[in-house]
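> Chain residues, written in single-letter form:
Protein chains: 2
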Amino acid sequence: MSSSAETIAVAAKAAFAASQMLPSSERILALDVIKAELEANKDAILAANAEDLKAAQIEVDAGRMSDALLKRLDLGKGDKWDSMLQGVSDVAALSDPTGNVSYARELDDGLKLYRISCPIGVLLVIFEARPEVVVNIAALAIKSGNAAILKGGKESTRTAELLSQAISSGLAKTQLPATYIQTIQTRAEVSSLLALDAHIDLVIPRGSNALVRNIQNNTRIPVMGHADGICAAFLDQSANPAKAVKVVLDSKLNYPAACNALETLIIHEALLTTLWPEVARALLAADVHLQCDPATLHALQSLTPSPTNLSTHVTPATPASYTTEHLSLTLSVLAIPSLAAAIAHINAHSSHHTDTIVTEDQAAASAFCRGVDSAGVFVNASTRFADGFRYGFGTEVGISTGKMHARGPVGLEGLVTYKYVLKGDGDVAGDYGPGKKAFTHKKIDGATAPY
Amino acid sequence: MSSSAETIAVAAKAAFAASQMLPSSERILALDVIKAELEANKDAILAANAEDLKAAQIEVDAGRMSDALLKRLDLGKGDKWDSMLQGVSDVAALSDPTGNVSYARELDDGLKLYRISCPIGVLLVIFEARPEVVVNIAALAIKSGNAAILKGGKESTRTAELLSQAISSGLAKTQLPATYIQTIQTRAEVSSLLALDAHIDLVIPRGSNALVRNIQNNTRIPVMGHADGICAAFLDQSANPAKAVKVVLDSKLNYPAACNALETLIIHEALLTTLWPEVARALLAADVHLQCDPATLHALQSLTPSPTNLSTHVTPATPASYTTEHLSLTLSVLAIPSLAAAIAHINAHSSHHTDTIVTEDQAAASAFCRGVDSAGVFVNASTRFADGFRYGFGTEVGISTGKMHARGPVGLEGLVTYKYVLKGDGDVAGDYGPGKKAFTHKKIDGATAPY
Numbered sequence: 001m002s003s004s005a006e007t008i009a010v011a012a013k014a015a016f017a018a019s020q021m022l023p024s025s026e027r028i029l030a031l032d033v034i035k036a037e038l039e040a041n042k043d044a045i046l047a048a049n050a051e052d053l054k055a056a057q058i059e060v061d062a063g064r065m066s067d068a069l070l071k072r073l074d075l076g077k078g079d080k081w082d083s084m085l086q087g088v089s090d091v092a093a094l095s096d097p098t099g100n101v102s103y104a105r106e107l108d109d110g111l112k113l114y115r116i117s118c119p120i121g122v123l124l125v126i127f128e129a130r131p132e133v134v135v136n137i138a139a140l141a142i143k144s145g146n147a148a149i150l151k152g153g154k155e156s157t158r159t160a161e162l163l164s165q166a167i168s169s170g171l172a173k174t175q176l177p178a179t180y181i182q183t184i185q186t187r188a189e190v191s192s193l194l195a196l197d198a199h200i201d202l203v204i205p206r207g208s209n210a211l212v213r214n215i216q217n218n219t220r221i222p223v224m225g226h227a228d229g230i231c232a233a234f235l236d237q238s239a240n241p242a243k244a245v246k247v248v249l250d251s252k253l254n255y256p257a258a259c260n261a262l263e264t265l266i267i268h269e270a271l272l273t274t275l276w277p278e279v280a281r282a283l284l285a286a287d288v289h290l291q292c293d294p295a296t297l298h299a300l301q302s303l304t305p306s307p308t309n310l311s312t313h314v315t316p317a318t319p320a321s322y323t324t325e326h327l328s329l330t331l332s333v334l335a336i337p338s339l340a341a342a343i344a345h346i347n348a349h350s351s352h353h354t355d356t357i358v359t360e361d362q363a364a365a366s367a368f369c370r371g372v373d374s375a376g377v378f379v380n381a382s383t384r385f386a387d388g389f390r391y392g393f394g395t396e397v398g399i400s401t402g403k404m405h406a407r408g409p410v411g412l413e414g415l416v417t418y419k420y421v422l423k424g425d426g427d428v429a430g431d432y433g434p435g436k437k438a439f440t441h442k443k444i445d446g447a448t449a450p451y
Numbered sequence: 001m002s003s004s005a006e007t008i009a010v011a012a013k014a015a016f017a018a019s020q021m022l023p024s025s026e027r028i029l030a031l032d033v034i035k036a037e038l039e040a041n042k043d044a045i046l047a048a049n050a051e052d053l054k055a056a057q058i059e060v061d062a063g064r065m066s067d068a069l070l071k072r073l074d075l076g077k078g079d080k081w082d083s084m085l086q087g088v089s090d091v092a093a094l095s096d097p098t099g100n101v102s103y104a105r106e107l108d109d110g111l112k113l114y115r116i117s118c119p120i121g122v123l124l125v126i127f128e129a130r131p132e133v134v135v136n137i138a139a140l141a142i143k144s145g146n147a148a149i150l151k152g153g154k155e156s157t158r159t160a161e162l163l164s165q166a167i168s169s170g171l172a173k174t175q176l177p178a179t180y181i182q183t184i185q186t187r188a189e190v191s192s193l194l195a196l197d198a199h200i201d202l203v204i205p206r207g208s209n210a211l212v213r214n215i216q217n218n219t220r221i222p223v224m225g226h227a228d229g230i231c232a233a234f235l236d237q238s239a240n241p242a243k244a245v246k247v248v249l250d251s252k253l254n255y256p257a258a259c260n261a262l263e264t265l266i267i268h269e270a271l272l273t274t275l276w277p278e279v280a281r282a283l284l285a286a287d288v289h290l291q292c293d294p295a296t297l298h299a300l301q302s303l304t305p306s307p308t309n310l311s312t313h314v315t316p317a318t319p320a321s322y323t324t325e326h327l328s329l330t331l332s333v334l335a336i337p338s339l340a341a342a343i344a345h346i347n348a349h350s351s352h353h354t355d356t357i358v359t360e361d362q363a364a365a366s367a368f369c370r371g372v373d374s375a376g377v378f379v380n381a382s383t384r385f386a387d388g389f390r391y392g393f394g395t396e397v398g399i400s401t402g403k404m405h406a407r408g409p410v411g412l413e414g415l416v417t418y419k420y421v422l423k424g425d426g427d428v429a430g431d432y433g434p435g436k437k438a439f440t441h442k443k444i445d446g447a448t449a450p451y
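First to last, the protein sequences are chains A and B.
The first sequence begins at 1 in the numbering used here and counts up one residue at a time.
The second sequence begins at 1 in the numbering used here and counts up one residue at a time.
No lab work stands behind these hints, which were simulated from the structure alone.
Errors might be hidden in some of the hints.
With a straight-line Cα cutoff of 30 Å, these simulated DSBU-like cross-link-like pairs (lysine-lysine) come out [claimed, not checked]: (1) K436/B x K112/B; (2) K243/A x K71/B; (3) K443/A x K243/B; (4) K154/B x K42/B; (5) K80/B x K443/A.
This is chain A alone, in the form it adopts within the complex (with noise of 0.2 Å):
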């Protein structure tokens, strides 16, 4: 055991406990300092991502790290410095996840049963080398009133240090305690924390399967985890061409470094030499490399004139292919014979992420909500808007790909648990049962929490 990382644990359990005694005016009073801290430090922030890039462009050309990481890294790229701070007062505009009523009863007169949102306690996060999810992951940890250890990539070191002083910065002038968001750096640290599960409530792990399967199976601590997306879009017989071009290529090209870009393509067997050389067509253009199986290879090749890049850009599938989280200009392609062969290929081959049907079908739409187990299941939308701030949530802590507590992405709800709260006035179970009292179990409208 690491006394580093037990001394962590334990001031992050501390920290929870006595911010449970403040009111939540004094979250929202953190999350406005530390986005002034961050304005006030932009320059010097960016400067740390410019050689955190450098450094990273080193390893892509040495064929060390891949381009789709080298593209997360990019803390100045498009609107991602704006939307991070938007994020922060998005977050801090949000009504509180905590304090709210979600099932309130009077059992008998006088004897009032409250179910209050509350805080899960400390949070370890573990996540990849996008920076802006440092600032993300410390918004929503303080406005839900969670404690937070956060452990970042490696390759956002210099960005992520500097990020995370301005939020210390920023919480020292208030009353939280200095310790309520804490930042480690090794893979010892995490695997010491690991083991606390007395102080640790909630493990979220973003990154691979493997990084998300490596946690659940080293801890007794619960795991909510980001684990990959391989998403699938399913062409119905129904198909309208111009959507599924529209939504196909959306999917695929949008952001192909996201985990909810598209990674397998479905395609009804009617389609083959209709629909399907159509969509080919246009992902081929595009610079997308098929991996197909025989259907939808043969489809292709008997095409004229030929489709570009056929030579380069059409390849055999082989079964690793639809398992595969390409985050690249790769796409897998399957022909099928029904709807339900498409949705036993999606359940047992995607991550549960997101999945989407393009169909004019309405029957067939609704067999695809039911049957498809995944977090999200869309219908004629691209698998794109799959995204806390897309689903109206600010921002999210990550995208869940299990079931429990919260599926999909996760905003300020999925970071909340609840207690009940029970008033009486010297009740007693003994006086219920069989030939005694019995309970009412009356509703009460309108309740607020009772503290």
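Position chain B relative to chain A; hints supplied.
Just chain B now, kept in the frame of chain A:
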């Protein structure tokens, strides 16, 4: 890998997939039929239970089984049988926990997002020797749309076997697959099933802390543990004496073998010579053994006249006293100097099940409710109210001592997750962003599931 375990798990997952395409009315039908099967076989089941009890009595007499366990075995005792059947009807009558929309937003014109409750999938439930639990859990699983694999305690094998046969006979009369509810007999099968995270979605172990921790250590599958109930009562400085005596006695004596029975009594030190002696005399008169810290021990030894049973029933506590689930007429007692110290003691020693405060001070009640990190935080009420029936859930699958997904008594709501359904018309993410379309995130009032 036991091939038998894999066969069971694969069959359960297939049964779940098939059930997803049936209307929920089929599941209600199954519950009605199962109840009738149980009624028709009552005599045979109670005869088998008598056999189990006879075998258990031999174990108790030989000192190999606790009396508490024996008590839990008896299906004919009091209103247990009728409660069990009533539980099936109550669960059948409860509203469907699946298909409910908990979040609905128009992301933009014609692009609608729905969060819809749905079953979790395949449950593996491991429980103690209480035979009625087979029926409770089967009813909850069926009503909530989950397939289940059940493993009961070996002490109730004869009873559980007949209960399972009745359930199977019932299922066979419906469209639900015969493998929707399966029972297994051996720990070896449990071990094999714990490796099958592709087929099993949730493990629900009910039993000792050791059982729950052992399972948590040996599976990647999420665990909803029902571990020890180490419940505490705190008598605050302002406690009303009559309420204190009533609440403490009921919490301890109403059903000492239950997980929601009182195990630790915490006394504000201002009450050591006033309320404490009164409570202690009542407990001793009821044959309760007290394991006392020095302050509470000294207070009793100083009393004139000496309390009944002082020499036989009052002993010094050890540190282990405060982390022990006695499940018998033994109670651990300590004095503390403040409300804050009581909260800290409970957070460090209780099993986060249910804790109660006796107080007339609203501020103390609020601080206790905010500060105590347990599933149930009660004010002037017996810990024995922590129960799914009493909370109004119809029945319960267990009382979760974890914080994730479900906490406290777990009824139907704890057995569902949700999925996000997004319905568009060829909508793509690339159309949104700075300088392009914006999301509206308009709330859809009164939304119902679109499938």
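> Does the alpha-carbon distance linking K436/B and K112/B stay inside the 30 Å limit?
The given pair, whose Cα atoms are some 19 Å apart, holds under the 30 Å limit.
> Would you check the hint for K154/B and K42/B, treating anything up to 30 Å between C-alpha atoms as holding?
Between K154/B and K42/B the Cα gap is close to 21 Å, so the pair holds against 30 Å.
> Need the status of pair K443/A, K243/B: alpha-carbon distance at most 30 Å?
26 Å, holds
> Is it true that the CA of K243/A sits at most 30 Å from the CA of K71/B?
Cα-Cα ~65 Å, so violated.
> Can the restraint linking K80/B and K443/A be considered satisfied, given a maximum Cα separation of 30 Å?
Satisfied, since the Cα-Cα distance of roughly 27 Å is no more than 30 Å.
Taken one by one, the earlier hints fail for this structure only at number 2.
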